[in-house]
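> Residue numbers for the sequence shown follow our numbering, so the first one is 63 and each next one is one higher.
Derived by calculation from the structure, the hints in this document are not laboratory data.
Where hints are given, some of them may not hold.
What the hints assert, rightly or not - Quick list of in silico lysine-lysine cross-link-like pairs, BS3-like style, CA-CA up to 27 Å:
| # | residue 1 | residue 2 |
| --- | --- | --- |
| 1 | K433 | K418 |
| 2 | K313 | K323 |
| 3 | K446 | K384 |
| 4 | K188 | K144 |
| 5 | K551 | K502 |
| 6 | K433 | K225 |
| 7 | K313 | K144 |
| 8 | K323 | K484 |
| 9 | K225 | K144 |
| 10 | K313 | K145 |
| 11 | K188 | K313 |
What the hints assert, rightly or not - What follows is a set of in silico ranges between Cβ atoms, one per label pair, in the way DEER data are often shown:
| # | residue 1 | residue 2 | range |
| --- | --- | --- | --- |
| 12 | D496 | D249 | 49 to 59 Å |
| 13 | Q449 | E133 | 27 to 37 Å |
| 14 | G224 | K384 | 46 to 56 Å |
| 15 | K313 | A462 | 21 to 31 Å |
| 16 | S129 | L366 | 29 to 39 Å |
By construction, the Cβ of each residue, glycine as well, lies at the ideal position given by its N, Cα and C atoms.
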Amino acid sequence: MRSMAPARDHSTRHQTRNSPMKKALSIGIVASATILSAYAQAQQPATPSASAGGATGLLYIRKNAHSPEAEADLQALDQALKKMRALGCADPRSWYYQGATHAIPATIPNGDNPLCPSYTQISQLKWGWNTCTHLDGSEIHFLVWHRLYIQHFESIVRTLSGKADFALPYWDYTNPANRVLPAALRDSASSLYAEARLPSLNDGKNISPEMDEALDTTTLFQNQVFAVFNSQIDAAPHGAMHLYIGGQTDKLTMWNPIYRKETNGLMALVPSAGFDPVFWLHHANIDYLWQTWENSANGVRPTLAELQAVPWPYQFHDGTGKRHEYTIPEAYKTAFNPNYVYDQLRSGIAALDSQKHTRLLQLNQQRNDNKRVLWSEQPDEPVKGGQLELAPAQAAKARASVLSAQAALSPLVLQLTVSFVKEPEDTYAVYIVDASGTQKLAGLLTFFGAGHHAGFDSGHDHAHEGRKTFLLDVSDELQPESDYRILIKKQREPVDEITVREVSLLSY
């Protein structure tokens, strides 16, 4: 990956790589020591912005949840959630309705659902429920859909809390200084608390060092194609943190009040994730990371055509309970005309009528237009005993094409399609192994929502297998002038869970 990464240093992995371009860019990054905070900008008169839900007002400031400035917003969120929990589940502003907008279990055991007696099976879905982008083929909408979702949630919190300038704080966990769950979410007397979480987080302990690779954004920020960035951030840190917070990473089970049974914690399962208040801070942070990347020299923007190629519903409610249903062009316009800024970023989201927007689109479109398959194989091999090593026969035949792509500074992307018969519970690391045996980490595979994605929890008997495709930028890891292999390694227990169906090398 070849362009300048964002100035902010999130971690240290990959800084020892020997790419001459990376060394030069690192010098440039260090030299850019002064960042103009959007928080400071927002103290000046702001430009009116149409918010999700149709209201117009000044820009809101999303603050780091660990900062003193975020305390008032966390208190307002606590006050609003108390009221939301007291509302019946038919009220679109209620805690239950908002959580179910993301997803909801297909069935509730024994028809016993005291949190929402009117919902016990999938046929009883209410308007807008179960529309998150963890279903088959919807991944391109992941970042845009969640941006609108949490903006509408913010509108509800402003109304119910009475804090007119409320904005969602974000848990900046990719920064090693912020690896503890914010204190407001650890207070058992607060509506922000959830017992169905990893106990060590609720006890105020740091995120485990085992999560360091998943939280390292170095490679993530070096992506230059939106679809690849979208795929990679979905896997980690997004999916990895869902599984960790919900205890699945540590193989813990606990009482899940949404499933009404012992299983993983709320955040580890798509149908219950939106019911843990940490969900909102988590997704505000994913949006923050997206904006950090888009503001960088590597950032690009999806085209409207990319989203329209995959029809998807955008159905939300505002602070008055009013429905808002967006066409994809309307959702696109809203996503890139937000009503908030981040306290740690030097600029907000580029407007649709700006030169920057045009440049971001053109860069991404150019990459997509140049996309081609350099080689592809169908190994159909399971990852047995915790690891699988592939030596693609087609790689040597495509060496000249790969060298040509590298000379043109075209991103090289490894595309992996894997299958499974139940949702895999672990994380897999993918390495490029050169002729000397040196392993270079290309990225991680996580499977948060993969079972939901495949319809395993739809309440029907499924004999088919689930599949998931990952995109990993390997521009720096690959040395096409010599032989290389692909190593897929399970990070914890060597349980057989996945089969590699297809592996391809793409250039953009």
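> Enumerate the violated hints, using their earlier numbering and listing them in ascending order.
3, 6, 7, 10, 11, 13, 14, 15
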